[in-house]
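A.B. asks: In case you want the letters, here they are:
2 protein chains.
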Amino acid sequence: MRQSMTLIPTLRELPSDAEIKSHQLLLRAGFIKQIASGVYSYLPLAKRALDHIEQIIREEMENAGAAELLLPALQPAELWQSSGRWYTYGDELMRMQDRHDRSFALGPTHEEVITSIVSDGIPSYKRLPIILYQIQTKFRDEKRPRFGLLRGREFIMKDAYSFHTSAESLDEAYQKMYQAYTNIFTRCGLDFRAVLADSGAIGGKDTQEFMVLSEIGEDTIAYSDGSTYAANIEMAEVHQVYERPDEPEKELSKVETPGQKTIAEVSGFLNVQSSNIIKSLVLIVDEEPVMVLVRGDHEINDIKVKNALNAGSVEFADEERTKELLNCSFGSIGPVNLPGTMKIVADKAVEAMVNAVCGANEEDFHYINVVPGRDFTVEKYADLRFIQEGDPSPDGKGIIRFARGIEVGHIFKLGTTYSEAMSATYLDENGKPHPYIMGCYGIGVSRTLSAVAEQFNDENGLIWPASIAPYDIHLIPVNMKDAEQADLAEKLYTELREHRYSVLFDDRNERPGVKFKDSDLIGMPVRVTVGKKAAEGIVEIKIRKSGEMQEVKAEELLDVLTDIFKEL
Amino acid sequence: MRQSMTLIPTLRELPSDAEIKSHQLLLRAGFIKQIASGVYSYLPLAKRALDHIEQIIREEMENAGAAELLLPALQPAELWQSSGRWYTYGDELMRMQDRHDRSFALGPTHEEVITSIVSDGIPSYKRLPIILYQIQTKFRDEKRPRFGLLRGREFIMKDAYSFHTSAESLDEAYQKMYQAYTNIFTRCGLDFRAVLADSGAIGGKDTQEFMVLSEIGEDTIAYSDGSTYAANIEMAEVHQVYERPDEPEKELSKVETPGQKTIAEVSGFLNVQSSNIIKSLVLIVDEEPVMVLVRGDHEINDIKVKNALNAGSVEFADEERTKELLNCSFGSIGPVNLPGTMKIVADKAVEAMVNAVCGANEEDFHYINVVPGRDFTVEKYADLRFIQEGDPSPDGKGIIRFARGIEVGHIFKLGTTYSEAMSATYLDENGKPHPYIMGCYGIGVSRTLSAVAEQFNDENGLIWPASIAPYDIHLIPVNMKDAEQADLAEKLYTELREHRYSVLFDDRNERPGVKFKDSDLIGMPVRVTVGKKAAEGIVEIKIRKSGEMQEVKAEELLDVLTDIFKEL
Numbered sequence: 001m002r003q004s005m006t007l008i009p010t011l012r013e014l015p016s017d018a019e020i021k022s023h024q025l026l027l028r029a030g031f032i033k034q035i036a037s038g039v040y041s042y043l044p045l046a047k048r049a050l051d052h053i054e055q056i057i058r059e060e061m062e063n064a065g066a067a068e069l070l071l072p073a074l075q076p077a078e079l080w081q082s083s084g085r086w087y088t089y090g091d092e093l094m095r096m097q098d099r100h101d102r103s104f105a106l107g108p109t110h111e112e113v114i115t116s117i118v119s120d121g122i123p124s125y126k127r128l129p130i131i132l133y134q135i136q137t138k139f140r141d142e143k144r145p146r147f148g149l150l151r152g153r154e155f156i157m158k159d160a161y162s163f164h165t166s167a168e169s170l171d172e173a174y175q176k177m178y179q180a181y182t183n184i185f186t187r188c189g190l191d192f193r194a195v196l197a198d199s200g201a202i203g204g205k206d207t208q209e210f211m212v213l214s215e216i217g218e219d220t221i222a223y224s225d226g227s228t229y230a231a232n233i234e235m236a237e238v239h240q241v242y243e244r245p246d247e248p249e250k251e252l253s254k255v256e257t258p259g260q261k262t263i264a265e266v267s268g269f270l271n272v273q274s275s276n277i278i279k280s281l282v283l284i285v286d287e288e289p290v291m292v293l294v295r296g297d298h299e300i301n302d303i304k305v306k307n308a309l310n311a312g313s314v315e316f317a318d319e320e321r322t323k324e325l326l327n328c329s330f331g332s333i334g335p336v337n338l339p340g341t342m343k344i345v346a347d348k349a350v351e352a353m354v355n356a357v358c359g360a361n362e363e364d365f366h367y368i369n370v371v372p373g374r375d376f377t378v379e380k381y382a383d384l385r386f387i388q389e390g391d392p393s394p395d396g397k398g399i400i401r402f403a404r405g406i407e408v409g410h411i412f413k414l415g416t417t418y419s420e421a422m423s424a425t426y427l428d429e430n431g432k433p434h435p436y437i438m439g440c441y442g443i444g445v446s447r448t449l450s451a452v453a454e455q456f457n458d459e460n461g462l463i464w465p466a467s468i469a470p471y472d473i474h475l476i477p478v479n480m481k482d483a484e485q486a487d488l489a490e491k492l493y494t495e496l497r498e499h500r501y502s503v504l505f506d507d508r509n510e511r512p513g514v515k516f517k518d519s520d521l522i523g524m525p526v527r528v529t530v531g532k533k534a535a536e537g538i539v540e541i542k543i544r545k546s547g548e549m550q551e552v553k554a555e556e557l558l559d560v561l562t563d564i565f566k567e568l
Numbered sequence: 001m002r003q004s005m006t007l008i009p010t011l012r013e014l015p016s017d018a019e020i021k022s023h024q025l026l027l028r029a030g031f032i033k034q035i036a037s038g039v040y041s042y043l044p045l046a047k048r049a050l051d052h053i054e055q056i057i058r059e060e061m062e063n064a065g066a067a068e069l070l071l072p073a074l075q076p077a078e079l080w081q082s083s084g085r086w087y088t089y090g091d092e093l094m095r096m097q098d099r100h101d102r103s104f105a106l107g108p109t110h111e112e113v114i115t116s117i118v119s120d121g122i123p124s125y126k127r128l129p130i131i132l133y134q135i136q137t138k139f140r141d142e143k144r145p146r147f148g149l150l151r152g153r154e155f156i157m158k159d160a161y162s163f164h165t166s167a168e169s170l171d172e173a174y175q176k177m178y179q180a181y182t183n184i185f186t187r188c189g190l191d192f193r194a195v196l197a198d199s200g201a202i203g204g205k206d207t208q209e210f211m212v213l214s215e216i217g218e219d220t221i222a223y224s225d226g227s228t229y230a231a232n233i234e235m236a237e238v239h240q241v242y243e244r245p246d247e248p249e250k251e252l253s254k255v256e257t258p259g260q261k262t263i264a265e266v267s268g269f270l271n272v273q274s275s276n277i278i279k280s281l282v283l284i285v286d287e288e289p290v291m292v293l294v295r296g297d298h299e300i301n302d303i304k305v306k307n308a309l310n311a312g313s314v315e316f317a318d319e320e321r322t323k324e325l326l327n328c329s330f331g332s333i334g335p336v337n338l339p340g341t342m343k344i345v346a347d348k349a350v351e352a353m354v355n356a357v358c359g360a361n362e363e364d365f366h367y368i369n370v371v372p373g374r375d376f377t378v379e380k381y382a383d384l385r386f387i388q389e390g391d392p393s394p395d396g397k398g399i400i401r402f403a404r405g406i407e408v409g410h411i412f413k414l415g416t417t418y419s420e421a422m423s424a425t426y427l428d429e430n431g432k433p434h435p436y437i438m439g440c441y442g443i444g445v446s447r448t449l450s451a452v453a454e455q456f457n458d459e460n461g462l463i464w465p466a467s468i469a470p471y472d473i474h475l476i477p478v479n480m481k482d483a484e485q486a487d488l489a490e491k492l493y494t495e496l497r498e499h500r501y502s503v504l505f506d507d508r509n510e511r512p513g514v515k516f517k518d519s520d521l522i523g524m525p526v527r528v529t530v531g532k533k534a535a536e537g538i539v540e541i542k543i544r545k546s547g548e549m550q551e552v553k554a555e556e557l558l559d560v561l562t563d564i565f566k567e568l
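So the protein lines, in turn, are chains P and L.
The first sequence lines up with residues 1 to 568 when you count with full-length UniProt numbering.
The second sequence lines up with residues 1 to 568 when you count with full-length UniProt numbering.
Calculated from the structure, these hints are not laboratory results.
Where is the CB? At the ideal position from N, CA and C, for every residue including glycine.
Any given hint might turn out to be false.
Far from chain L, by Cβ distances over 12 Å, these chain P residues were calculated [unchecked claim]:
{"hint": "1", "residue": "18"}
{"hint": "2", "residue": "123"}
{"hint": "3", "residue": "219"}
Calculated lysine to any residue pairs in the SDA-like style (CA-CA distance at most 20 Å, straight line) [what the hints assert, rightly or not]:
{"hint": "4", "chain 1": "L", "residue 1": "47", "chain 2": "P", "residue 2": "513"}
{"hint": "5", "chain 1": "P", "residue 1": "126", "chain 2": "L", "residue 2": "509"}
{"hint": "6", "chain 1": "L", "residue 1": "126", "chain 2": "P", "residue 2": "54"}
Chain L is faced by these chain P residues, among others (derived, beta-carbon under 8 Å) [as the list claims (entries may be wrong)]:
{"hint": "7", "residue": "1"}
{"hint": "8", "residue": "12"}
{"hint": "9", "residue": "14"}
{"hint": "10", "residue": "41"}
{"hint": "11", "residue": "44"}
{"hint": "12", "residue": "130"}
{"hint": "13", "residue": "154"}
{"hint": "14", "residue": "433"}
Let the sequences and hints guide you as you build the complete structure.
C.D. replies: In structure tokens form, the structure reads like this:
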């Protein structure tokens with residue numbers, strides 16, 4: 001494409017409202033343009049990069065045996081009412097009325113639509129399993145759209161849905177999708193992790209998020225430095241084995257700790273390590289108070305408490321409620337001589353504590369030399385704490401580190417949540433109806449574009465991986481008015497395209513400085529400059545990523561490029 | 001693609017609410033599925049056909065020098081207010097509020113968005129002209145959605161916009177687009193005409209619609225049987241030269257015509273040809289009554305009256321108004337002895353009439369032997385009538401025929417309508433601002449899919465042109481449980497795809513009758529059947545279009561297919 005015929009409105013100044021690199025650079029390099037809060041136009045360079053990401057996705061979806069279709073954005077309210085989401089989705093669901101006052105949602109996802117289509121179209125077990133996907137524009141009315149394409153209100157997603165007659169069949173599709181997603185993000189050049197995630201309120205069991213590692217990510221990931229293990233920190237299991245120290249049990253005694261409330265205060269006052277203090281908190285579990293214990297250097301993970309107690313709801317009791325129950329404030333409660341019949345559960349680390357410290361359920365007093373089991377009874381020991389940096393990885397390989405991540409993909413075993421709500425069933429061999437067993441699998445396409453921009457840039461601009469760069473080569477004649485340069489550039493433009501390179505040809509009459517600055521900013525993998533040595537048939541190659549430059553004879557250019565693109 | 005892994009929910013019964021062939025067949029063949037009135041899902045076969053149409057469009061747009069981008073569906077009300085269309089577009093514009101009660105339109109077209117982007121991004125004449133396009137989902141709240149994809153409320157369009165500094169530059173882009181559209185619809189296999197159209201209220205001058213010829217079309221086209229001339233019937237100029245018959249003028253006289261009102265009645269009663277009767281009607285032109293005359297066998301075209309008189313508004317006077325003005329009813333008015341000062345204009349055909357008949361402005365009386373010019377004065381003779389079948393073509397080549405057409409494309413010189421309304425200007429060489437001169441160019445992509453289905457079908461189903469067929473080949477083993485058939489089919493499935501054919505492989509365990517019926521219904525260009533002769537290495541080819549069948553040896557299949565696809 002000749003640069004004079006396309007639209008790349010680069011900006012010299014930093015857009016004032018863009019907080020993160022990818023947003024700033026996509027704006028400055030003329031890739032996107034905001035038209036309303038969280039709503040963007042994809043200008044020609046962004047469109048080409050999106051096409052390349054979509055092409056990678058299509059190829060991997062096809063390899064995974066998924067068939068592509070295209071569902072509408074307009075979804076009648078009745079469909080969303082049948083799944084219940086019309087009432088629960090809240091303000092993020094964009095809603096509208098048509099001219100006849102019928103209500104519609106603008107689809108943020110398509111579980112209802114696809115379930116209704118499959119329910120009509122595949123009445124029998126004979127045509128199952130099936131995986132269907134689409135790449136489509138979605139709508140979600142984010143409260144605070146931000147970070148450009150990362151959290152927009154109109155965005156492009158790949159969403160896939162699978163339908164099965166058995167959990168095993170769903171497992172198989174889930175694994176295929178896991179592999180496809182791994183391939184997709186690898187091909188996009190991204191540094192990412194597949195992260196165990198919480199399945200949340202939707203039900204279903206397995207779910208993984210594909211997270212691009214980035215400081216600006218909104219989620220924290222616990223990952224192993226010695227394996228592929230990664231999980232959202234709420235989800236990471238602690239498999240540490242705690243050894244009980246080999247020391248004689250001392251006699252329980254109560255000591256005065258005036259004004260000492262926090263773990264740090266008590267630790268300092270009594271001169272004990274925080275790992276030898278029992279942290280006690282009251283949680284309201286299905287409306288019953290339960291005392292939960294962890295080590296003073298650990299944090300309670302309420303999701304784990306919920307799962308361990310098989311509970312419907314778990315909440316931390318506030319100080320007022322705690323006082324009502326135990327007659328003292330947060331910093332003084334503990335499991336010894338607990339008034340009433342409150343149940344006690346504890347993290348496994350607590351089981352290995354000897355001669356520990358805990359609150360005495362009396363203001364300004366703590367017990368010392370506390371021995372769990374001897375001084376109080378624990379109903380259940382379980383993994384109840386958040387994993388920490390430095391913990392051993394749950395898979396036994398390596399040590400846990402933390403990172404922040406941008407979610408770009410999500411695979412999810414839905415089970416029968418939607419099919420049951422919508423009475424969507426297939427008939428088995430005996431003509432008996434069963435709800436479809438479902439999986440769903442999403443990729444944020446426009447978000448992936450941003451994530452790549454966030455990971456690949458330097459002080460001069462964007463640095464696109466060859467797999468998704470808008471063009472392979474940025475061809476720049478330094479001076480279009482110099483006939484030798486213009487002629488050689490035109491010749492190379494034709495030749496390179498004949499050899500299946502995509503080429504952006506800067507045929508503008510701009511100063512060389514402007515052309516080079518723009519070129520670094522928009523960041524094609526390779527720049528070919530036709531300058532003064534055009535007369536001698538020599539051009540210059542610059543690799544954007546490394547900054548490496550070399551002069552080559554025009555007739556050797558193709559060979560050199562072949563080698564360069566093998567490396568990129 | 002294995003048929004067991006995709007979704008092709010064919011129907012045996014005719015959908016009751018589908019009136020036209022394409023709608024019926026696209027539903028029955030499992031291409032589309034309605035989700036709400038005028039809102040459809042594109043199932044996997046339709047998605048593939050759409051992809052092929054879009055690919056053709058992209059190639060031709062690129063050849064025409066257009067750059068692709070992607071604009072958002074959500075468009076802030078302020079943009080539409082700036083062009084004025086927020087107030088004039090009416091109920092067809094889908095509108096909604098976001099969570100902060102800000103108003104948005106769901107884009108039916110994108111003149112405002114693109115004008116605002118170009119206005120920001122291309123401030124100088126140096127970067128003009130430019131042609132930008134997108135392929136995108138559009139929304140229009142049709143009052144009566146019908147005919148499936150032909151008149152939907154959510155549909156896919158290619159829309160292109162060009163920006164210029166001169167009318168000549170716009171002409172050039174318009175011609176390029178004309179050629180691109182001609183190539184696109186030709187490559188889609190369609191029988192179409194580029195038709196001169198009315199530029200309507202938007203202003204601008206040249207505009208052509210690309211019409212696929214079809215009985216179910218909503219527009220009537222006048223086309224030449226001897227050239228490429230075609231126009232909407234309102235637009236077709238009449239270039240006929242009328243010869244005054246060589247007969248002596250007779251004396252004007254008034255005759256009684258009791259109860260004879262219509263042309264047919266008067267013609268019968270007086271035994272004269274309708275072509276010798278002057279048809280007189282009163283039109284209100286910019287609030288002034290004007291009498292308009294055409295020959296009895298012709299019809300008044302009010303758009304031509306408007307253009308001939310350079311008027312702002314033209315309406316037919318109703319009978320009441322006519323009576324007020326001339327004191328007699330419709331069937332009795334005429335230009336002779338017209339009371340008052342009413343202006344008379346006449347179609348050119350009237351100038352050549354001699355000894356004609358007209359109303360006498362008196363109930364139950366007509367004049368005979370009327371001679372225009374002698375018996376009344378005509379202010380202006382002009383082309384004021386609709387063209388008719390049998391008229392000579394305005395380009396002098398051939399005879400006019402009528403046909404009905406489905407509009408699939410539209411090219412339009414907008415001029416400065418939008419840029420002036422939105423104050424969108426570029427700076428010229430001297431730093432002086434001018435509004436951009438614009439063109440816009442649309443193609444209904446999903447509509448084109450329907451138009452193809454409407455033109456290519458028979459009693460057994462759809463017949464896709466090879467250029468846009470979802471798959472090139474439908475490969476059908478008659479009995480998948482027969483190992484020889486299954487093996488040969490699998491081998492061919494691999495081999496054909498290696499030779500870059502797209503193949504739909506019917507690996508279902510269905511009866512042969514069901515497979516063949518489905519195959520004819522969905523209509524891939526070529527069917528390859530692997531049946532009992534698989535043991536001898538023989539397969540059967542069927543060409544869907546001609547019904548032609550032949551047996552070939554499996555090892556010769558590729559050669560035979562090469563020849564067949566050359567013809568298709």
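A.B. asks: Verify the proposed pairing of residue 126 of chain L with residue 54 of chain P, using a straight-line Cα cut of 20 Å.
C.D. replies: Violated, at roughly 34 Å.
A.B. asks: Does residue 1 of chain P hold up as a contact with chain L if the rule is Cβ-Cβ below 8 Å?
C.D. replies: Hint holds; residue 1 of chain P Cβ to chain L Cβ min 7 Å, cut 8 Å.
A.B. asks: Over 12 Å from every CB of chain L: does residue 18 of chain P meet that, or does the non-interface label fail?
C.D. replies: 16 Å, holds
A.B. asks: Report holds or violated for the interface hint on residue 433 of chain P, using the least CB-CB distance to chain L and a cut-off of 8 Å.
C.D. replies: 18 Å, violated
A.B. asks: Using the nearest Cβ pair, does residue 154 of chain P come within less than 8 Å of chain L?
C.D. replies: 5 Å, holds
A.B. asks: For the pair supplied as a hint, residue 126 of chain P and residue 509 of chain L, is the alpha-carbon distance within the 20 Å limit?
C.D. replies: Judged against 20 Å, a Cα distance of about 9 Å means the pair holds.
A.B. asks: Would you check whether residue 130 of chain P satisfies its interface hint, that is, whether its CB is within less than 8 Å of any CB in chain L?
C.D. replies: 6 Å, holds
A.B. asks: Quick one, is the residue 41 of chain P hint okay against chain L at 8 Å, beta carbons?
C.D. replies: 5 Å, holds
A.B. asks: Have a go at the residue 12 of chain P hint: is there a Cβ in chain L nearer than 8 Å to its own Cβ?
C.D. replies: This interface hint is violated because 13 Å lies over the 8 Å limit.
A.B. asks: Would the stated hint for residue 44 of chain P survive a check requiring a Cβ distance to chain L of less than 8 Å?
C.D. replies: Hint holds; residue 44 of chain P Cβ to chain L Cβ min 4 Å, cut 8 Å.
A.B. asks: Is the Cα-Cα distance between residue 47 of chain L and residue 513 of chain P 20 Å or less?
C.D. replies: 46 Å, violated
A.B. asks: Does the claim that residue 123 of chain P lies off the interface hold, with its Cβ farther than 12 Å from every Cβ of chain L?
C.D. replies: 9 Å, violated
Hints 2, 4, 6, 8, 9, 14 from the list above are not met by this structure, while the remaining hints are.
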